[in-house]
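Listed in order, the protein sequences are those of chains F, H, S and X.
What the first sequence shows, in the working numbering, is residues 1 to 262, in sequence order.
What the second sequence shows, in the working numbering, is residues 1001 to 1262, in sequence order.
What the third sequence shows, in the working numbering, is residues 2001 to 2262, in sequence order.
What the fourth sequence shows, in the working numbering, is residues 3001 to 3262, in sequence order.
Just so you know, these hints were derived from the structure itself, not from any lab.
Treat the hints with care, since some could be wrong.
Unchecked claim - Quick look at which bits of chain S chain H covers, simulated, 3 or more residues with Cβ under 8 Å:
1) 2080 to 2086
2) 2155 to 2169
Unchecked claim - Here chain X is said to cover these stretches of chain F; the calculated rule only asks that three of the stretch's residues, wherever they fall, bring their Cβ under 8 Å from a Cβ of chain X:
3) 74 to 85
4) 128 to 142
Beta carbons: idealized from backbone N, C-alpha and C, even for Gly.
Number of protein chains: 4
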Amino acid sequence: MATVRGFLHPKTATGRSSLIPSPPWHYSGDLLTVEYRTDPARVAELLPAPLSPAPDDPGAVALIWADWQSCSESGEELLDPVRAQYKECFAVVRCSFEGRTYSRCVHIWVDKDFAIARGLHQGYPKKLGSIHQTRPHPYGRAAPRIAAGGRFGATLAAADRRLAEAVVTLHEPSETNGFVNGHPMAHHRFLPSIEPGGAPALDELIESGASSFEAGPAWKGEADLRLFDSPTEELSRLAVEEPIAAYYRQVGVVWNGGRRLA
Amino acid sequence: MATVRGFLHPKTATGRSSLIPSPPWHYSGDLLTVEYRTDPARVAELLPAPLSPAPDDPGAVALIWADWQSCSESGEELLDPVRAQYKECFAVVRCSFEGRTYSRCVHIWVDKDFAIARGLHQGYPKKLGSIHQTRPHPYGRAAPRIAAGGRFGATLAAADRRLAEAVVTLHEPSETNGFVNGHPMAHHRFLPSIEPGGAPALDELIESGASSFEAGPAWKGEADLRLFDSPTEELSRLAVEEPIAAYYRQVGVVWNGGRRLA
Amino acid sequence: MATVRGFLHPKTATGRSSLIPSPPWHYSGDLLTVEYRTDPARVAELLPAPLSPAPDDPGAVALIWADWQSCSESGEELLDPVRAQYKECFAVVRCSFEGRTYSRCVHIWVDKDFAIARGLHQGYPKKLGSIHQTRPHPYGRAAPRIAAGGRFGATLAAADRRLAEAVVTLHEPSETNGFVNGHPMAHHRFLPSIEPGGAPALDELIESGASSFEAGPAWKGEADLRLFDSPTEELSRLAVEEPIAAYYRQVGVVWNGGRRLA
Amino acid sequence: MATVRGFLHPKTATGRSSLIPSPPWHYSGDLLTVEYRTDPARVAELLPAPLSPAPDDPGAVALIWADWQSCSESGEELLDPVRAQYKECFAVVRCSFEGRTYSRCVHIWVDKDFAIARGLHQGYPKKLGSIHQTRPHPYGRAAPRIAAGGRFGATLAAADRRLAEAVVTLHEPSETNGFVNGHPMAHHRFLPSIEPGGAPALDELIESGASSFEAGPAWKGEADLRLFDSPTEELSRLAVEEPIAAYYRQVGVVWNGGRRLA
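Let the sequences and hints guide you as you build the complete structure.
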């Protein structure tokens, strides 16, 4: 009998083909965060039992763009950067489970298959998209600095339709990088039965978060954010009712698993 | 308590955001198939228990390129074709389970996220790739006809590396479109535990196949096939030891679920 | 002294690197054409001297989607189809020069670099875009037939913004494939001086057209066409004031140079 | 008579559609440079009259990866970064004209259409490619620092084939960023006649270079560089015979036209 190896598919005799390696997974990148309030009913409708709305500020949303390099423990992906670089844009809300507040990603688009696969494991509901965010750079006039007055654009498209665009202007250093994405994540992992009408093959609630985190100074400012409709997307259903703030921060993160909640 | 809907993630109040709709799924497209024999040990090492090698011709492999349009029961994707069109290249072997012969996809690359998501459900171990195959066309000199002497090229790349290329020349009509991909598919669906070292969250063996099938005449010919190494892929481990034949066929297929085997 | 070869850049000792080979260029593909009338002033403003508006129906526009395979005289690109396949969407108007009516492409998007390069030679003002059109197929429910009732979608995006989308329904066979794109093309070829403020390095008016043409039956129907704004595109300035008709036709074309008009 | 505006095609009444705006063009980005010696005959064969090989070190080559943001004088592209960001990989040699030494780009791949268009103006022989280079980042383990021991990967692919890959390890600060790309550029701008066999419509030799330049400290190290064959590319013809050095530098550049040499 053969033994097949690999953290995920395709499993082979060597394990080398696996779309993603085993955690821990390392990330270095820049986060551009836009926080705002939407109608709390629009957040609540995305929280199936046993989750419930967060007790305070239940309509708060963070729409986050991230420009990442990532790698496994060996770091080998960094020397073949098509395997390490990806971008993502994701919407985070907060929820409550057994008296504790969690963050929860309700929409997310990435631009690489290994990022989709990590999302399967972590419970992020990933689709492919085209994501762009302005990069800071210390030289020349074709980039902002991470400093007061720095202006950053960020856009999201999927299936050849633009879904979101933001322009963020930085004003001052900040104690935080926002509060909506600041809790452990509570995510569902779900797969339907292969048999039509059967009970789900997988339906579990999990918790995870960074196992290690380092970061540069956070900067705070304001955002001009626009969301657009699409026949297959519902990001714009989380309409901006009241802006909160925008943030920029460079971070280094490690992710190394989580635990099952329900 | 909210009720969230959708066949797959992201689940929302309306279900409209689901990356894929519920089956049945309809497909219209062209299949270019290259069959050959590799070392049977290379096939056997990809067959975990309770699967075992097929009793006859256990080293047979089919490498198949497909150029698809696909849609749900409503057919709405066909009028926004970025949501309907995709291409794939996949390697199929045969195996045995409880005395019956199955086909099994051991490597597959596609170029859209909805195709990746359908693969999660169907147990195809999908990655993203760049797939091309020559299209037949009835007019002009920039396309072959599906006829004796017709020549078709097909290529596969992933992560900016070419993994396979074939040139197929058609010779004559054929009773079949090959034999390796002619059985019901036996696939694993697998997801690790979110807890490091935990038992898999999902690990099941399923069977599925077309619920409906129509096709034009099959054509048979010969292929010049080359497979290339890559640090993250093992298609070339299924080295060509003996060519069998190549085939071209236009098909219409419906897929509508399967059943659990183990 | 070295002799460098190649129809276009980069020129090398062998000529093998040229982005495009010498004409003749062969094309096999499907044309989806939507004809309508816009404000004639919007057409006239795109016609620099010595061109003038066409004497009859001066506001007629054809927006055309094309799904091509193309190759040089050797046909070698057809066996490496990433080098042969491309899609385009382009807007054509008519104009008059020295008493003769010409067609003129005023906006065009393609999805391959070799297509951009051929446009430089032919005077098509090409940009990159993402272009999709429904493909006909004889089997299954995931494709229309080229027949009465056949419905085809077509979309255009650039820089992550959707610029146009059409749904065409075929009604009946047609004598023609439309009239706007039916004349020889009158195009400018232009390159600024490398010296700021200098006279253009190249500014000429050329004529070209197919040197050979074959086609299947044309089908006629109606279109629902929508054009969208973008900060960097002006296709929507050619607003639909009155629909004319829509067409579908499979064609084979040869292009082999033209002549200078002015 | 209409007046059409725009620095390049498509020209319109407003000029807003032009694929590129007028210079000056601003760039902020990171350069990874690998210098080596090839057979001087391979360089000489790429230098048509009136150019001749550089008098000293005539086989020197720089293969350069660049990760850019770029914008026009208004800077508006920076807030819609899909219009500002691009990557490129290019091969530079040196040549002599009228007793002066010039740099000359002999092969170049970029990943955006606006970069192709700027290349038309500047005489860079651009094709589309897929280009990746490791990014430095100050936090986390998924990025090198620009410092001794920093390791950077860089890859180039076109038409689904990998053409080049390099791994650079930094050793020490450097006075220079290499010498091969340090001169004004001498480039040809060429377009064939629209008439088969006619004299070229454009064939001129131009000079240009940065009108303004700022940069961080240069770092020097060593490279492991591999070049791969392709049916349509000749980069590998500039085979590595002797490594010179590798460099990393962050720069800000302005380009604002040049002058005609011949």
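Hint by hint, here is what the structure shows:
no. : hint         : verdict
1   : 2080 to 2086 : holds (count 5)
2   : 2155 to 2169 : holds (count 3)
3   : 74 to 85     : holds (count 8)
4   : 128 to 142   : holds (count 11)
The structure fails none of the hints (numbered hints given earlier).
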